[in-house]
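Here is how the chains run, residue by residue.
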Amino acid sequence: MIEVKFIEHSGEVHEVTAESGASLMQAALNNSVPGIDADCGGGCACGTCHVIVSPEWIDKVGSPNETEAIMLQMTPEGCERSRLSCQLQLNDELNGLVVELPEFQM
Amino acid sequence: MTSQSDRQKETLPDPYELPLEAIDLSDPALYSQNRWQDYFKRVRDEDPVHYLPESPFGPFWSVTRFEDIVAVDTNHEVFSSEPFIMIGDPDADIPLENFISMDPPKHDEQRNAVQAVVAPRNLASMEDLIRSRISEIFDQLPTGESFDWVSSVSKELTSQMLATIFDFPYEDRHKLVYWSDIATSAPELSGGNACKEERFAALQDMVETFARLWHQKAAHREKGGAPGFDMISLLEANEDTRDMINRPAEFMGNLGLLIVGGNDTTRNSISGSVLAMNEFPEEFAKLKANPQLVPNMVSEIIRWQTPLAHMRRVAKCDYELNGKQIRKGDKVVMWYISGNRDERIIENPDQVIVDRQRARQHLSFGLGIHRCMGNRLGEMQLRITWEEILKRFESIDVVGKPVRVHSNFVHGYESMMVKIKSKH
Numbered sequence: 001m002i003e004v005k006f007i008e009h010s011g012e013v014h015e016v017t018a019e020s021g022a023s024l025m026q027a028a029l030n031n032s033v034p035g036i037d038a039d040c041g042g043g044c045a046c047g048t049c050h051v052i053v054s055p056e057w058i059d060k061v062g063s064p065n066e067t068e069a070i071m072l073q074m075t076p077e078g079c080e081r082s083r084l085s086c087q088l089q090l091n092d093e094l095n096g097l098v099v100e101l102p103e104f105q106m
Numbered sequence: 001m002t003s004q005s006d007r008q009k010e011t012l013p014d015p016y017e018l019p020l021e022a023i024d025l026s027d028p029a030l031y032s033q034n035r036w037q038d039y040f041k042r043v044r045d046e047d048p049v050h051y052l053p054e055s056p057f058g059p060f061w062s063v064t065r066f067e068d069i070v071a072v073d074t075n076h077e078v079f080s081s082e083p084f085i086m087i088g089d090p091d092a093d094i095p096l097e098n099f100i101s102m103d104p105p106k107h108d109e110q111r112n113a114v115q116a117v118v119a120p121r122n123l124a125s126m127e128d129l130i131r132s133r134i135s136e137i138f139d140q141l142p143t144g145e146s147f148d149w150v151s152s153v154s155k156e157l158t159s160q161m162l163a164t165i166f167d168f169p170y171e172d173r174h175k176l177v178y179w180s181d182i183a184t185s186a187p188e189l190s191g192g193n194a195c196k197e198e199r200f201a202a203l204q205d206m207v208e209t210f211a212r213l214w215h216q217k218a219a220h221r222e223k224g225g226a227p228g229f230d231m232i233s234l235l236e237a238n239e240d241t242r243d244m245i246n247r248p249a250e251f252m253g254n255l256g257l258l259i260v261g262g263n264d265t266t267r268n269s270i271s272g273s274v275l276a277m278n279e280f281p282e283e284f285a286k287l288k289a290n291p292q293l294v295p296n297m298v299s300e301i302i303r304w305q306t307p308l309a310h311m312r313r314v315a316k317c318d319y320e321l322n323g324k325q326i327r328k329g330d331k332v333v334m335w336y337i338s339g340n341r342d343e344r345i346i347e348n349p350d351q352v353i354v355d356r357q358r359a360r361q362h363l364s365f366g367l368g369i370h371r372c373m374g375n376r377l378g379e380m381q382l383r384i385t386w387e388e389i390l391k392r393f394e395s396i397d398v399v400g401k402p403v404r405v406h407s408n409f410v411h412g413y414e415s416m417m418v419k420i421k422s423k424h
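For the record, the sequence lines run as chains L and R.
Every letter in the first sequence is one number past the one before it in my numbering, and letter 99, counting from 1, is 99.
Every letter in the second sequence is one number past the one before it in my numbering, and letter 94, counting from 1, is 94.
Watch out, some of these pointers could steer you wrong.
Unchecked claim - Straight-line distance between alpha carbons at most 20 angstroms, and here's what the computed SDA-like set of lysine to any residue pairs gives:
hint : chain 1 : residue 1 : chain 2 : residue 2
1    : R       : K106      : L       : A69
2    : R       : K106      : L       : E68
3    : R       : K106      : L       : T75
4    : R       : K106      : L       : S20
5    : R       : K106      : L       : Q73
6    : R       : K421      : R       : A163
7    : R       : K106      : L       : P76
8    : R       : K316      : L       : T67
9    : R       : K106      : L       : I70
10   : R       : K286      : R       : L275
11   : R       : K419      : R       : F138
12   : R       : K419      : R       : E136
13   : R       : K391      : R       : K316
To be clear, the hints were calculated from the coordinates, so they are not data collected in a lab.
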């Protein structure tokens with residue numbers, strides 16, 4: 001099992017576990033983490049599962065794919081550590097991952 | 001204005017009695033007569049990627065199932081939004097360019113310039129203002145006598161909102177509604193009824209009015225005034241768009257787009273929500289008993305109403321979609337109105353269910369790079385509208401058959417007579 005920590009914009013922390021191979025979005029939805037809307041259900045097509053990877057994890061997580069980067073451009077709170085959680089597949093390397101949630105999804 | 005009125009009244013045949021290949025989903029009468037449901041159901045079941053070789057809008061493919069629509073909408077490399085996103089082609093006499101009808105990278109530049117105004121952070125600061133304006137409208141409504149909900153509430157509310165985000169002279173806000181309506185109702189675009197002369201004159205007036213507003217705001221800034229946070233000020237502040245005024249087709253196109261985007265979509269969802277609560281009284285009872293359901297109900301209404309019935313693409317290369325061979329240059333119409341009723345993906349799709357699971361997963365906002373920019377604004381307006389309705393009114397009873405828009409693009413209501421009962 002992979003442990004992941006979501007930090008809401010308010011500072012509230014949600015620690016969840018997920019199977020290796022699941023997407024970070026799925027981990028959030030399965031554990032009712034608020035603030036991940038996932039309007040398109042995981043298709044990299046709506047931009048509403050935006051997360052900001054904590055600085056110490058960004059190297060392991062890596063940068064967004066091409067489509068993802070285009071969708072992230074449309075998010076006003078986007079920054080260089082932004083990812084769409086539907087595109088982030090969890091694996092043992094990411095055990096302990098910490099991500100922040102933006103104030104709003106758009 | 002009445003050139004098509006006879007056509008509008010013609011009785012449409014049962015879709016199951018027609019040869020499948022002759023089914024024309026672009027017929028605006030399907031929508032004004034509210035007969036589109038069975039037509040789409042047959043096509044979804046029997047020929048989900050449906051080719052019509054001849055129509056008033058030329059030959060086109062209809063994409064009718066949820067998953068096929070997602071495949072097209074998210075593939076902007078194959079399916080271009082240029083030259084235009086309505087089924088018909090714009091009149092060459094009215095040059096119109098806007099970012100919904102552009103591919104990257106130009107699309108990205110122009111969209112990025114204005115999206116901040118409808119970003120959730122900005123919306124949060126507008127919530128109180130919207131609520132007080134909605135409250136004012138509601139407090140003036142007559143109780144116990146019938147009136148038209150569309151003109152008294154839906155249009156009034158959306159035009160106030162548009163005037164706010166454009167920082168447009170408040171007393172002239174009805175012009176925004178008029179321009180928006182006429183922009184999309186050309187016969188060649190959507191099968192609508194607007195006459196060419198009137199449409200030209202209206203769009204000309206729109207451009208001149210916005211050009212004046214643009215120059216006023218620019219002058220204000222040159223004098224050292226603080227830049228505003230409205231659509232025009234944002235366009236002026238962005239280096240990709242600050243000279244848009246010198247590109248008339250883009251200027252007219254983008255302003256038209258932003259007005260249309262914020263106008264009949266929200267308006268028709270507001271009207272549709274009232275109709276839905278009449279057609280599904282048990283759902284209205286659920287909502288009254290639990291107002292916490294309002295945000296979910298809002299998504300459900302936006303799905304059920306689907307205020308824009310379609311978006312059009314053009315294939316940039318040959319492409320096989322669900323077994324059909326689409327050729328380079330073919331017109332491909334994604335019928336959101338049909339995908340949102342696809343029983344393969346959505347259970348009981350014709351039913352409004354205010355507490356439906358995953359209600360947000362609908363197609364009304366589109367998907368991919370052209371996804372609706374103002375989706376959060378639209379949702380917020382609907383949410384506040386219903387929060388305020390539930391505080392005040394016992395019921396809003398639809399007392400006559402609503403008159404529906406004769407268009408294959410704007411799916412909505414010309415008028416809808418209602419009678420309200422106050423709570424107190």
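message: Hinted pair, alpha-carbon criterion (20 angstroms max): K106 of chain R, A69 of chain L. Please report holds or violated.
response: 16 angstroms, holds
- request: Sort out whether K316 of chain R lies within 20 angstroms of K391 of chain R, counting only the CA atoms.
  value: Since the Cα atoms of K391 of chain R and K316 of chain R sit roughly 52 angstroms apart, the hinted pair is violated (cutoff 20 angstroms).
- request: Starting from K286 of chain R, check that the Cα of L275 of chain R is at most 20 angstroms away, please.
  value: 16 angstroms, holds
Hint consistency between K316 of chain R and T67 of chain L [alpha-carbon to alpha-carbon, up to 20 angstroms]: 18 angstroms, holds
- request: With a cut-off of 20 angstroms on the C-alpha distance, tell me whether K419 of chain R and F138 of chain R pass.
  value: Roughly 13 angstroms between the alpha carbons, so the hint for K419 of chain R and F138 of chain R holds.
query: Taking 20 angstroms as the top limit, are the C-alpha atoms of K106 of chain R and P76 of chain L close enough?
result: Since the Cα atoms of K106 of chain R and P76 of chain L sit roughly 18 angstroms apart, the hinted pair holds (cutoff 20 angstroms).
message: Against the 20 angstroms threshold, does the CA-CA distance of K106 of chain R and T75 of chain L hold or violate the hint?
response: Holds, because 17 angstroms separates the two Cα atoms, which is no more than 20 angstroms.
query: Within 20 angstroms, alpha carbon to alpha carbon, are K419 of chain R and E136 of chain R?
result: The given pair, whose Cα atoms are some 18 angstroms apart, holds under the 20 angstroms limit.
- request: With a cut-off of 20 angstroms on the C-alpha distance, tell me whether K106 of chain R and I70 of chain L pass.
  value: 13 angstroms, holds
query: Between K106 of chain R and E68 of chain L, is the straight-line Cα distance small enough, at 20 angstroms or below?
result: 18 angstroms, holds
message: Checking one constraint from the list: CA of K106 of chain R to CA of Q73 of chain L, max 20 angstroms. Satisfied?
response: 13 angstroms, holds
task: Please work out if K106 of chain R and S20 of chain L have their alpha carbons no farther apart than 20 angstroms.
output: Roughly 39 angstroms between the alpha carbons, so the hint for K106 of chain R and S20 of chain L is violated.
Violated hints for the displayed structure, listed by number in ascending order: 4, 6 and 13.
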